[in-house]
Each structure stands twice: as structure tokens, then as C-alpha cells.
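Peer 1: This is what each chain is made of:
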Amino acid sequence: MTNLHDLTVGEAAAQIKDRELSPVNLLQAFFERIDALEPSLEAWMYVDREGALGAAHKCEEEIARGEYKGPLHGIPIAIKDIFHADGLKTTAGSRVYEDFVAAYDSEVIARLREAGAVIMGKTTTAEFAAADPPSTYYPWDRERTPGGSSTGSAVAVSVGMCPIAIGSQGSASTLRPASYNGIVGLKATYSRVSLYGMLPYSFTGDHVGILAKNVEDAAIMLAAVAGYDPNDPSSSREKVGDYRAAALSWSKPPRIGRLREYFEVNADEGVREHTDMVVQKLVEARAVVEDVKLPASFATAHAAHGVLGRVHSASFHHDAFLEKTDKFGPGKRLQIEAGGLVPAVRYVQAQRLRREFRRDMEEIAANYDVLLTPTTPGPSPKTRATTGDRRFQIPWSYSGLPTIAIPSGLHPTALPLGLQLIAPGFAEEQLLGVAHWCERVLNVSLKPPLPVAVS
Amino acid sequence: MVSMDPKLSKEEIVAQLVEQAVAVWGPERAEALKASLEETGGNLWLLNQNLPRQEEEPAFFFKD
Chain A
382 MTNLHDLTVG EAAAQIKDRE LSPVNLLQAF FERIDALEPS LEAWMYVDRE GALGAAHKCE
442 EEIARGEYKG PLHGIPIAIK DIFHADGLKT TAGSRVYEDF VAAYDSEVIA RLREAGAVIM
502 GKTTTAEFAA ADPPSTYYPW DRERTPGGSS TGSAVAVSVG MCPIAIGSQG SASTLRPASY
562 NGIVGLKATY SRVSLYGMLP YSFTGDHVGI LAKNVEDAAI MLAAVAGYDP NDPSSSREKV
622 GDYRAAALSW SKPPRIGRLR EYFEVNADEG VREHTDMVVQ KLVEARAVVE DVKLPASFAT
682 AHAAHGVLGR VHSASFHHDA FLEKTDKFGP GKRLQIEAGG LVPAVRYVQA QRLRREFRRD
742 MEEIAANYDV LLTPTTPGPS PKTRATTGDR RFQIPWSYSG LPTIAIPSGL HPTALPLGLQ
802 LIAPGFAEEQ LLGVAHWCER VLNVSLKPPL PVAVS
Chain B
913 MVSMDPKLSK EEIVAQLVEQ AVAVWGPERA EALKASLEET GGNLWLLNQN LPRQEEEPAF
973 FFKD
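Line by line, the protein sequences give chains A and B. Numbering-wise, the first sequence is residues 382 to 836 according to my numbering. Numbering-wise, the second sequence is residues 913 to 976 according to my numbering.
To be clear, the hints were calculated from the coordinates, so they are not data collected in a lab. It is possible that part of the hints are untrue.
27 Å max Cα-Cα, derived DSS-like pairs, lysine-lysine [as the list claims (entries may be wrong)]:
#1 K439(A) with K398(A)
#2 K828(A) with K662(A)
#3 K470(A) with K439(A)
#4 K439(A) with K450(A)
#5 K708(A) with K946(B)
#6 K946(B) with K705(A)
#7 K674(A) with K470(A)
#8 K763(A) with K946(B)
#9 K633(A) with K674(A)
Isolated chain A (complex conformation):
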């Protein structure tokens, strides 16, 4: 029999709907898992046991009355600690916000509560979703980084301390930790999911992220949180799809554009060989894979993204930085101080280059169902001082195109690797459909070598 903490959201939801599984019992199973593993992993800022238990009891009563709300009803969810939840602390992993209690729900949390989800508490993050890493340990190797900045969310999902989690991505903060931890990471098109009530890293680069055990679960979550929000000036009115149905119903072998230049040139040999092997499997399953050239505008993507991130950090934190300079961590401090020196003309130029790159990539992506790269240049690096290499995600956070990482197997170092798929803007149904097709073909399930010893 499957342990409750190993159930996917889809599996748990089916049992809850049929009243074979109590939301309270499901939550308790995750609490037990947290009790066993959290001391050695440090993935949570805090667990709101009282609030979560109250919500789970409420779900149980609603379902007993026949008021079933859908596949997130009664499902426990972890939230990266940069999203406001009414009455709970939002620290953003920073001493600047150490005592800050939110007075309202972020739009993501409001929509999750509306869908009947149980908010378990907050997971660790690099400070303000960038720079200085949290203390969280990597379950696969305690001397390496678990990735970030959605560090706690990725680790909590990977070891079964929660079934699914919310993260964010301004540079690489969802897909990279997902890949390091052997799970699925999804970010939809920029403006698809409201950023209202989320502390920003970059106003034009931030995305809400989803960390899940499989593609179906990620699709379920996206359907709950996507859609127009008048409180977010970047929010799109593009129609929200039936993402779960789109993921599960995709059956035709996809047409895939493989981005070798830059991505495979900068990957280590183990990643290159692994990617060749994975692509071969997809081709054997009748996918059509063609090499694709990057546009000239790719040349400035990382530089322009770096300029935008630093300027946005300097802008958002300006007042707090002048008042509480010493409370900012060293990495964040450098971003803010350097960002304050960038000429406004170059900032706007970076935004113009961003638009150019987005349009160029849209044209290329339109020829395929998805584009493909390895998710990371290598496995998790042997350091806890950084959150790893973010280069392979930056072009897609910068351009806002939707991306997903799925686990694809192990590096020669026996650490997880993933595939990154990229789709045209607002083509999330296509992205999830192809990702689910690839997931079925590759049939990879990665679990860290638990139990984790406390050092």
C-alpha cells in the first residue's frame, strides 16, 4: 500500500472525492513526515499546524456535506515565504522582514484557499528570492546546494513533507531546484499568474512557480492559480485553459526543437551524454527532434536580465535599505548597491532588448510544440554558499516564455538531472501536454536516499 505522503495530488484528490481519504488524516501524515525529516533538512520557515488542521477539518465537513470543490480540496500545500498569507509572517528569508505579519492574502493563496487547499505553512527561500541561500540541506548530499531560491518548497516536495508547493522564479528559482531535487518545476507565461502579494525580486522577471511530483499535479495547481487579477498591473486577460485535461490527453509524438548551442556547449560532459540518451528515447517513441539556432538577440539576454534584476531590487528595497542597511544579507546588499548605479537609459534599453528577444523566440518556438534544453549545466554543485548555476533558466525568465522541468535521470555523479521544455507565450496546454508525453516515455522516478543523517 502506498504511504499517504507518497500520494500524488491526483491520487489523493481521487480518494478525498470518494471519501476514502480524510483531509485531516492526509495532513497528519505530512506532519509525521515533517517531524521525522525537518530537523535534518530545515526546509520550513514554520509550519502553521493549528491553521492547517482547522482548514483540513473544514474541508472534511464540506466534503461530508457534498460540497466538493475540486482536485485541490483538502490537499495540503506548502508556500514559499515570499507570499503574504493573512495573519502569518512573511519573512522572505530576511532579517529586514523578520517580524512582518501580513494583513491580507496574496492572490495565489486566496485562489488556493478558494479551491479548498490547506495552507501548511511557509518554506525557506534565499533572501528576497535571490542571493543569500537559506540553511536548508540537500537530501541527496548534505555538502551540496539544494538549489534555490524556492529551496524549501523543492526539498519539501522531493522528500514527501508536502505533496506540492508554491515557489517563484525571477531567474532560475523554480526549475533549477526542481531539477536538482528530481521533481517537476513549472512556471507559466509571465503575467499568467498574479504576483499580487508576492515580495518581488524583479517586477518584469518574476513568475509564480509550482513544484510538484509530476506533470499532472503541476497542471492541477496551475489551473487553480492562473487568471486575470485586477490588483496586478502585469496580469493578463488571456483565457485560462483546462490544463489537467490538456496534459493527460496529449497523445501525438511531439515536434521538438533542440537548442544545442549555448545550452549544450555550456553543459558538462555528463549532462551532454545524458541529454543525447534522453533525446534518443524520445525519438524512439517517434518524437521529431530538430536542432534549432538561437537568434542574435540571445547574445544580450543574460546581461540585460542582470541589469533589470539589480535595478528592480534597488528600486523595491530603496527605502528599507537606507533605514536598515545592516539587516540585508551580503548578496542582496551587493545587488541593491550595484543596481542603484545603473543609468536609466541602459535600464530602458534592456527592456527594449527584452521585447526584441521575446519576439524572436516566439517566432522560433512557433515552429515546434516545444523547445528542449537540459535544465541545468550540471548536477547540484558541491557548495552551500550559492544556489547553483542559473544560466539555463535566465533567458526564459527574461522573455517570460512558459517553461517546465521534468526529471530525466541521473548524472554520472548519481545526482538528479532534468529536461527543460519551453513553449510559446500562453501555450501552457501544449507545454503540459508534451511534458506529460515525455514523462510517460522516460518513466523516471527519482527519490533521495533517505533517511537523512543529522550531522
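Chain B: place on chain A using the hints.
Peer 2: Frame of chain A, contents of chain B only:
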């Protein structure tokens, strides 16, 4: 202020950023910022060499 002259080398842009950092954040912080300013200067130099098409408008939010 950092010049926008496209003929400036990366080293000249970094030197201008360091000078500005000393004025804004003080000499001690300017020294601590050295690596970050070198990266930022490299980014600005690359942008200087790759100006966007003249008719290109910025699009802060991609809504459709």
C-alpha cells in the same frame, strides 16, 4: 554618471562605476562591490555594443 559612449571599453565603464560607488556608498563599500561592479560593467558594455532596433519600444508587461 556612467557614460553611454559605445566606444568605452569594459574597463572604462567599470572604472566609472567604481568612481560613482565611492561617491554614493563610500570607499569601503565600493571596494566590497568590486566583483559586482565588474559584472555590472560587463553587462552594460555588452548592452552598449548591442543597441536595440531604433523602432523597438519597451514592453514592461507581456499581456498577450
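Peer 1: So which of those numbered hints doesn't the model satisfy?
Peer 2: 7
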